[in-house]
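Those protein sequences? They're chains A and B, same order as listed. The numbering of the first sequence is my numbering, which starts it at 1 and goes up by one. The numbering of the second sequence is my numbering, which starts it at 499 and goes up by one.
There's no promise every hint is true.
To be verified - Okay, the calculated bits of chain B under chain A, using three or more residues with CB under 8 angstroms as the criterion:
1) 505 to 519
2) 527 to 538
3) 546 to 560
FYI, nobody ran anything at the bench for these hints, they're computed from the structure. Predicted, not measured: the structure shown is a model, and the values here were computed from it. Just so it is clear, CB atoms sit at the ideal spot from N, CA and C, and this is done for glycine as well.
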Amino acid sequence: MDVTTLTLIELRDALRSGTVTSVEATRAYLNRITAHDDAIGAYLTVDAEGALAQAAAIDAARAAGQSAGALAGVPMGLKDIFLTKGLRTTCASKVLEDFVPIYDATVVERLRAAGVVVIGKLNMDEFAMGSSTENSAFKKTHNPWDIERTPGGSSGGSSAAVAARLTPGTLGTDTGGSIRQPAALCGIVGLKPTWGRVSRFGVIAFASSLDQVGPMGRTVRDVALLEEVIAGYDPRDSTSSQREVPTGLADLPRGADLRGLRVGLPREYFPESGLDPQVSSAVYAAVEQLKALGAEVKPVSLPHSPLGVAAYYLVATAEASSNLARYDGVRYGHRAKADDLYGLYARSRGEGFGLEVKRRIMLGTFALSAGYYEAYYRKAGQVRTLILRDFEAAFSEVDVIATPTSPTTAFKLGERMDDPLQMYLADIFTISCNLAGLPGLSLPCGFDNRGLPIGLQLLGRAFDEPTLLRVGAAYEDATTWHTRAPAEPFVARAGGAA
Amino acid sequence: MESARHLFDGDETVRRIARLARLELDDATLELLRRQLGDILGYVEQLDAVDTTGVEPLAAAGEQTRLREDGLRIALDPGAHVRNAPDHSTGAFRVPKVL
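Here chain A stands alone, though its shape is the one from the complex (with noise of 0.2 angstroms):
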C-alpha cells in the first residue's frame, strides 16, 4: 500500500490500527519528497533527520500504551508563515533567510500535541502578499496539473503539496483569499475560518484584521479535522474568539441531503467580463446539484463586494507597512552596513524586502500618511462597512452563498508578475469575506477544457464553518471532483484544447 495515496482521515486511522507506523508514513512523505519536489518546488526546507525521530519517538509512545493524539503520526508539511521551534522560518523572504524562531506557533503547538510530525516548511509568497506564490524570494512552486502553471499564492507551497500528494494536508493563511484561491487553482479543499476562530500568536504578521489561520486538505473532512485541532481561543492572541469550538466538526453524515438549506447566488460574483466561461458554468453545475440534494437557491444581492480589491488594498497595505515596521536589523533578520541607525534600518529593508513587498509598504504608509489618511484609509474602513452590511442582509435570507473562488483556472507562470493590479484581481471574489471577517470553503467543482481544476466558493455567517463543512461534505459525497489526482510525473501540459 502506498500511504500518501490515503486521505487525511484514512492515514489517521491506518496508524491507529498499527497497519502503518508513523516512521514508515512520515519516510514515504520523503521519498515522495525527494522524488517529485523538484519538479513542484513546494519545499523551502526539510527536515528529514527531525522528522523521523519525532515519527519514532510516536511510535514508541503508541506501543507503551500511552494515549495518542488526535493526528498521531501524521506527517505534515507546514507554510514557511508559521513559527516552528528550532527549524528555520523565513516567510519566504530574504529578511527571515537565516531566522530560526525560539518558540511555535500557538497552531503549531496544537498540531504538535495532536501527534503531527513536521516535516517540513513550504513555499508561499514573501509575507503571504501575492496570488502566485511568484513573489518567494527563494524559488517558484510549480502547479502539479501544468507545472508551466502558477499553484496560486499565497499558500501555493500548501496547495502545491496536497495536490502533489507531498503531505496529507496542510495549514495556510488567507488575507485576501490565500488559502481559497490556491486550493481552487490546485483541486483541493481550503477552509477560511471566521475572522478569530484560530489564534494568529506565532504566525508571521501581514495585515492584522484579515489574517486567519486555516486547514488545507484533500477532502471535506480531512478539513474539518484539521479545524477541529487548531481552532480555539488563545490567551497569547487577544483577537481570538472565547466562544466553544463546537465539537464533531468533523463527524459529517455520509450522503446527507441539503432539505431546508437556503443557498445564495449573489449576481455580483458572476459578471459578464472578467469571469471564465468555464468557471461560471462549472460553479452553476454545482449549484445545481445543492439544488438536486434538496437545497433551495434563490439569488441576492452583494452591491459593495466589487469594491472588495480597492477597499482591501488600501487596508492590508495600510496594516502591513505597520506589521513590518519591526525588520529593521536590530532584533532579528537581515542586517546591513550602515553607519547610522536611519541608514541601518532603510538598507536593510530596502536589501532585505521583496519588489511586491515594497510595493505594499509604500502604497500602506501613503494612505496612513497625513493629509491622506482620512480620503484613503479611512474610507476604505466606510466601505468595509458597507461590505459587512450586505453580507448580514444576505444571510437575514440564506444560509450559505456560493460563488466562484477564482474568476479563471491556474494562469501561467510569469504572465501577471509585471501588472501588479491584474495580479491583485485575482482575488475579486475572496476578498470580501475577510473584509467582512466571515468564513469562506473552497472545494473542486470541475476542470476546464485544458484539465485545469475550478473551485467553487461557500460564504457562510461569522462562526457557521459547521453549515459550510455540512454543506461541503455533502456535495463531496455526492461528486467525484475530489478523487481526481495529476498525472504523474508532473509536467507541462503544452496546449490542451483552446
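Please build the complex by placing chain B on the supplied structure of chain A, with the hints as guidance.
Below, chain B alone, put in the same frame as chain A:
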C-alpha cells in the same frame, strides 16, 4: 475629493514615502513604484464614488477583544531573545552609534 494621482507625476512624493517607510530604494525601483502607485491609486479611487456619509469605519470584524489577567510568567528561555540578533552584547541589541 480631488485625485491624488498627480502626486505621483514627479518623484518627490515617492521619495518622501520611501523615507517615511525607511526603505532605501535605487532610482529604477523608485521610478517603477512611482508609476505603479499612481496606477493603483487611480484604481482605488473608485471608492470616492461611494456615499459613506455617516458610516462608521470598520477596523476589524471580530468580537469585542477581552483582555486576559496581567501577570508575570517566563515567556522565553534566558538569552533566547538575542539568539537571532545580527549583533548583540550582554543580552542587549547593538546598533550603530546614535549620538
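Hint by hint, here is what the structure shows:
Residues of the segment 505 to 519 of chain B lying with their CB closer than 8 angstroms to a CB of chain A number 7, which satisfies the three-residue condition for coverage. Residues of the segment 527 to 538 of chain B lying with their CB closer than 8 angstroms to a CB of chain A number 7, which satisfies the three-residue condition for coverage. Counting residues of the segment 546 to 560 of chain B whose CB falls under 8 angstroms from any CB of chain A gives 11; the rule of at least 3 is met.
The structure meets every hint from the earlier list without exception.
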